[in-house]
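> Below, each chain spelled out in residue letters.
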Amino acid sequence: MRGRIRSSSRAKEPRTFAFPWKSGPFRAAFLVLHRTMAFRPCAPEGLKSVEMKRARRGAKAPLYRHRMINSFLLLFVVLLGSAFQASAQVTFERLVNSAKEPQNWMTYSGDYSGKRFSALDQINLTTVRTMVPKWVYQTAATGKLETSPLVVDGILYATAQDNRAFALDARTGRPIWMYQRALPGDIRPCCGRVNRGLAILGDKVFMGTLDAHVIALDAKTGAVVWDVVAADYRTGHSFTVAPLAVKNLVVIGVSGGEYGVRGFIDAYDADTGGRKWRFYTVPGPGEPGHETWEGDSWKTGGAPAWNTGTYDPGTNQIFWPTGNPAPSNRGEGRAGDNLYSNSLLALNADTGKMNWYFQFTKHDEHDWDATQVPVMIDTGKIDTGGKHLIAQADRNGFFYVIDRTTGKLISATAYGKITWSDKKDADGRPVANNQASPTLEGRTVCPGALGTTNFMAPTYDPQTGLFYVTARDQCDIFSTAPQPYEAGHAFYGSAYFPSEEAEPYLGFLKAIDPATGEVKVKFRHTSPTWSGVLSTAGGLVFSGDAEGNFIAFEAATLKPLWHFQMGGAVYAPPMAFAADGKEYVAIGAGSAVYAFGLP
Amino acid sequence: MFRRSRMGIVALIATATMLVGRAAYTADDRNPLAGDPKAAKAGEYEFRINCALCHGLGAHGGGRGPDLTRAQKKHAHSDAEMFQIISNGIAGTAMPANGTNGQGVGMTDEEIWQIVTYIRSLEVKAPARALANGARGEDLFYGDANCSLCHMVEGKGGRLGPDLTGVGGSRTREAIIDSVRNPSRRLAWGLSEATKEFPQEYESVTAVTAEGKEIKGVALNEDSFSVQIMDANERIHLLDKEKLRSFHKSRESAMPKYDPDVLSDKDLEDIVAYLISVGAK
Numbered sequence: 089m090r091g092r093i094r095s096s097s098r099a100k101e102p103r104t105f106a107f108p109w110k111s112g113p114f115r116a117a118f119l120v121l122h123r124t125m126a127f128r129p130c131a132p133e134g135l136k137s138v139e140m141k142r143a144r145r146g147a148k149a150p151l152y153r154h155r156m157i158n159s160f161l162l163l164f165v166v167l168l169g170s171a172f173q174a175s176a177q178v179t180f181e182r183l184v185n186s187a188k189e190p191q192n193w194m195t196y197s198g199d200y201s202g203k204r205f206s207a208l209d210q211i212n213l214t215t216v217r218t219m220v221p222k223w224v225y226q227t228a229a230t231g232k233l234e235t236s237p238l239v240v241d242g243i244l245y246a247t248a249q250d251n252r253a254f255a256l257d258a259r260t261g262r263p264i265w266m267y268q269r270a271l272p273g274d275i276r277p278c279c280g281r282v283n284r285g286l287a288i289l290g291d292k293v294f295m296g297t298l299d300a301h302v303i304a305l306d307a308k309t310g311a312v313v314w315d316v317v318a319a320d321y322r323t324g325h326s327f328t329v330a331p332l333a334v335k336n337l338v339v340i341g342v343s344g345g346e347y348g349v350r351g352f353i354d355a356y357d358a359d360t361g362g363r364k365w366r367f368y369t370v371p372g373p374g375e376p377g378h379e380t381w382e383g384d385s386w387k388t389g390g391a392p393a394w395n396t397g398t399y400d401p402g403t404n405q406i407f408w409p410t411g412n413p414a415p416s417n418r419g420e421g422r423a424g425d426n427l428y429s430n431s432l433l434a435l436n437a438d439t440g441k442m443n444w445y446f447q448f449t450k451h452d453e454h455d456w457d458a459t460q461v462p463v464m465i466d467t468g469k470i471d472t473g474g475k476h477l478i479a480q481a482d483r484n485g486f487f488y489v490i491d492r493t494t495g496k497l498i499s500a501t502a503y504g505k506i507t508w509s510d511k512k513d514a515d516g517r518p519v520a521n522n523q524a525s526p527t528l529e530g531r532t533v534c535p536g537a538l539g540t541t542n543f544m545a546p547t548y549d550p551q552t553g554l555f556y557v558t559a560r561d562q563c564d565i566f567s568t569a570p571q572p573y574e575a576g577h578a579f580y581g582s583a584y585f586p587s588e589e590a591e592p593y594l595g596f597l598k599a600i601d602p603a604t605g606e607v608k609v610k611f612r613h614t615s616p617t618w619s620g621v622l623s624t625a626g627g628l629v630f631s632g633d634a635e636g637n638f639i640a641f642e643a644a645t646l647k648p649l650w651h652f653q654m655g656g657a658v659y660a661p662p663m664a665f666a667a668d669g670k671e672y673v674a675i676g677a678g679s680a681v682y683a684f685g686l687p
Numbered sequence: 098m099f100r101r102s103r104m105g106i107v108a109l110i111a112t113a114t115m116l117v118g119r120a121a122y123t124a125d126d127r128n129p130l131a132g133d134p135k136a137a138k139a140g141e142y143e144f145r146i147n148c149a150l151c152h153g154l155g156a157h158g159g160g161r162g163p164d165l166t167r168a169q170k171k172h173a174h175s176d177a178e179m180f181q182i183i184s185n186g187i188a189g190t191a192m193p194a195n196g197t198n199g200q201g202v203g204m205t206d207e208e209i210w211q212i213v214t215y216i217r218s219l220e221v222k223a224p225a226r227a228l229a230n231g232a233r234g235e236d237l238f239y240g241d242a243n244c245s246l247c248h249m250v251e252g253k254g255g256r257l258g259p260d261l262t263g264v265g266g267s268r269t270r271e272a273i274i275d276s277v278r279n280p281s282r283r284l285a286w287g288l289s290e291a292t293k294e295f296p297q298e299y300e301s302v303t304a305v306t307a308e309g310k311e312i313k314g315v316a317l318n319e320d321s322f323s324v325q326i327m328d329a330n331e332r333i334h335l336l337d338k339e340k341l342r343s344f345h346k347s348r349e350s351a352m353p354k355y356d357p358d359v360l361s362d363k364d365l366e367d368i369v370a371y372l373i374s375v376g377a378k
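Chains X and Y supply the protein sequences, listed in that same order.
Just add 88 to wherever you are in the first sequence, counting from 1, and you've got our numbering.
Just add 97 to wherever you are in the second sequence, counting from 1, and you've got our numbering.
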């Protein structure tokens, strides 16, 4: 089904004012007030924020007063939320203060820090056993559904393959509008015609397209508001990433590391689509870092930026990770570190100027894009020693903790099977050994090209203080296959094959202690999965598997408490929201988006 | 002037289709790079990147694709036919059309011809093991060697092991011999789910039910919570893992290891000759 399909403006219908105490934010506020005023222990139902819980636990002031203050605060916030519902404007302030609206999920990772943690706890260790599917939305798309939905004020916004976008009634799954871009026949996606989601700001949602446009859609109708060309898709540029809205900017990173593009991160004016800045992830002549490329290799150097970064409002810095240098598996011809491939970049949000970078894998020859969500850690059980941290479970098999003020490495610890490195440099960064480079005959290296993890979103749970990530143990045989660069054609320079020696390939959900890098608990999947992970204040961690199960785990032990068979493998991350005062957990699987809740 | 008969439009479309079709089909009947060693080298690299995942490094056959070093091929005889198969795939098989694997626009015509040139440079002309006796191999397969107790060929035989009708066309003689002599070294692939990355393998399973009943067999499929098993009597058992007293999975194949004292080299060669004769059909 091509073209745009719009329905009538059902989104405008007021629906929370009929019985305010029985539905919507009023009910939530009512429950909170009722519960805390009455000195009752927490009932499993009703919304409450994790801030409240923490205040309760460590309360020095009389418990009663704390509860009162928090109750009124929350009531204020929830009522404020209901006011927003009428205007449906998502301001930058709301995005910065997203913790005050646990019912909404307004960015790719749920907040600017990248935690993918929900403060909702109706669905918790006790109630999760009764969880049921509430609705299913069939996208009719084939291939890998990688979207992470957004929810704002009762409306769910998500994408599917071939640049489908849709808005659903988050309570029922009924579509409000649907959009599908008419794509040229000769687009050049690397790895499926995928899309990982939208950004929302004001009254618009934003999507990067497979033909390298950035588009803004009217959040109420799905109508195209603006459409700008970021790059030429014929030379292998495309967008698969969910953009990030910061201030009045739409920040987005390009894909195309398999085609020898020169990577970049762009920022567009959310109102007009005018480009405000571009940061080339491969420095040009005269720029620092240019000397890390041999000859003209920088022109086809790759370093794409195809997964969503995070933002620190305190320092106005965007943290965005980059992908592999091109050609992906052959270092000959591009001698040097190949900056800023496989790096974490700290960019000034207003100017796009780089404050610092940290390169995870220098001169990569294994396709180990560092495009994993960098997660800011300040809160929770771990002692950061006053430092502001950023953590990344990297595709190369190491878990990195970095001081995000300076970009200095604090620790790097293997969290999966690795053979490519057995020592670290003076800064503590793992360096490649002499058994890592691909050879003509083929050489087995762990992890394989798909990495210990990949694009699947991780979560940091401030309640357990653990970082949860989907991981795999798989080794590949890397064999060089020199290729000339040809614009718009695949540019790998090598081939890789799963190594039979390492069969079977193992898939895990691992919980890492960021303070030590140690894997504290793990769950072994039947086979490796591409699902992301969500943690919630209900003491739960959610993830999906390649066999099509959606699974709720006890966060502390990773013991599965509940599962549901969705009938298709999971390539998407879960998220949580509340509508009409009820908590839902949603995830894409097969061709559909599923929402689960309590009966 | 805008009125044109419907027949006229149909004829126009038909002509255009024929022209386009013809252009695509016979752009180069003869390989323009035939016998060019430089093209063969370039083709080797292209082959690694695009073909070797299924056909193996060196084109000797892999998990899914046949050995292409054999001069006798099932689908392609001329260079032009090989070009067509690489371009368009083979319907009803795992062989995809160029550019349809989700990795962009695929290879150029020149790159495809380089691969054809490379494959031709590898071909072994002599027919393999002319002395082996396929008819005797068939008798052994269904008789003394007991293969058909678990394996099916052309609709005849057992269901516990993989169907071997196509194996002679997709695997090398060496690979078939190895899987008889060392069945656990590489387990066969079973069910491949549409959206799942890895197929189910023929793993051996022993489960003990809550009542203490032991079930031994081969896993037809499995996830973290349930398992579907076929036992030696071809009964299917559908089990929930949490209800089992014990569950043990092994990568030791359910197939017995056929050592030369059980099955002589001569007998095995005859069985392989039979499987290759079926697979080449």
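It cannot be assumed that every hint is accurate.
[Unchecked claim] Sample of chain Y residues facing chain X (criterion: CB under 8 Å; computed from the structure): (1) Ala149; (2) Leu154; (3) Lys171; (4) His174; (5) Trp286; (6) Leu288; (7) Thr292; (8) Lys293; (9) Glu319; (10) Glu331; (11) Asp356.
[What the hints assert, rightly or not] Non-contacting residues of chain X with respect to chain Y, defined by C-beta distances greater than 12 Å in every case (computed): (12) Pro263; (13) Asp274; (14) Asn404.
Calculated directly from the structure, the hints in this document are not laboratory data.
From the three backbone atoms N, C-alpha and C, an ideal C-beta is built for every residue, glycine too.
> If a hint holds in the structure, say so; if it doesn't, say that too.
Verification of the supplied hints:
With a cut of 8 Å, the hint placing Ala149 of chain Y at the interface with chain X holds, because the nearest CB-to-CB distance is about 6 Å. A hinted interface residue such as Leu154 of chain Y counts as satisfied when its beta carbon comes closer than 8 Å to some beta carbon of chain X; here the least separation is about 6 Å, so the hint holds. The criterion of a C-beta within 8 Å of any C-beta in chain X is not met by Lys171 of chain Y, whose closest approach is roughly 23 Å, and the hint is violated. Annotation: interface hint on His174 of chain Y violated; nearest CB of chain X at approximately 27 Å, more than 8 Å.
The closest approach between the C-beta of Trp286 of chain Y and any C-beta of chain X is roughly 11 Å, which is over the 8 Å cut-off, so the hint fails. A least Cβ separation of about 11 Å between Leu288 of chain Y and chain X goes past the 8 Å threshold, and the interface hint is therefore violated. Taken as an interface hint, Thr292 of chain Y checks out: its beta carbon lies about 4 Å from the nearest beta carbon of chain X, inside 8 Å. Because the closest C-beta pair between Lys293 of chain Y and chain X is about 5 Å apart, less than 8 Å, the hint holds.
Because the closest C-beta pair between Glu319 of chain Y and chain X is about 6 Å apart, less than 8 Å, the hint holds. Taking 8 Å as the C-beta contact cut-off toward chain X, the hint placing Glu331 of chain Y at the interface is violated, the least distance being around 24 Å. With a cut of 8 Å, the hint placing Asp356 of chain Y at the interface with chain X is violated, because the nearest CB-to-CB distance is about 22 Å. Distance check on Pro263 of chain X: its Cβ is at least 23 Å (rounded) from any Cβ of chain Y, clearing the 12 Å threshold; non-interface status holds.
Distance check for Asp274 of chain X against chain Y: the nearest CB is about 6 Å away, which does not clear 12 Å, and the non-interface claim fails. With a cut of 12 Å on Cβ distances, Asn404 of chain X stays outside the contact zone with chain Y, its closest approach being about 37 Å.
In summary, the numbered hints that this structure violates are 3, 4, 5, 6, 10, 11 and 13.
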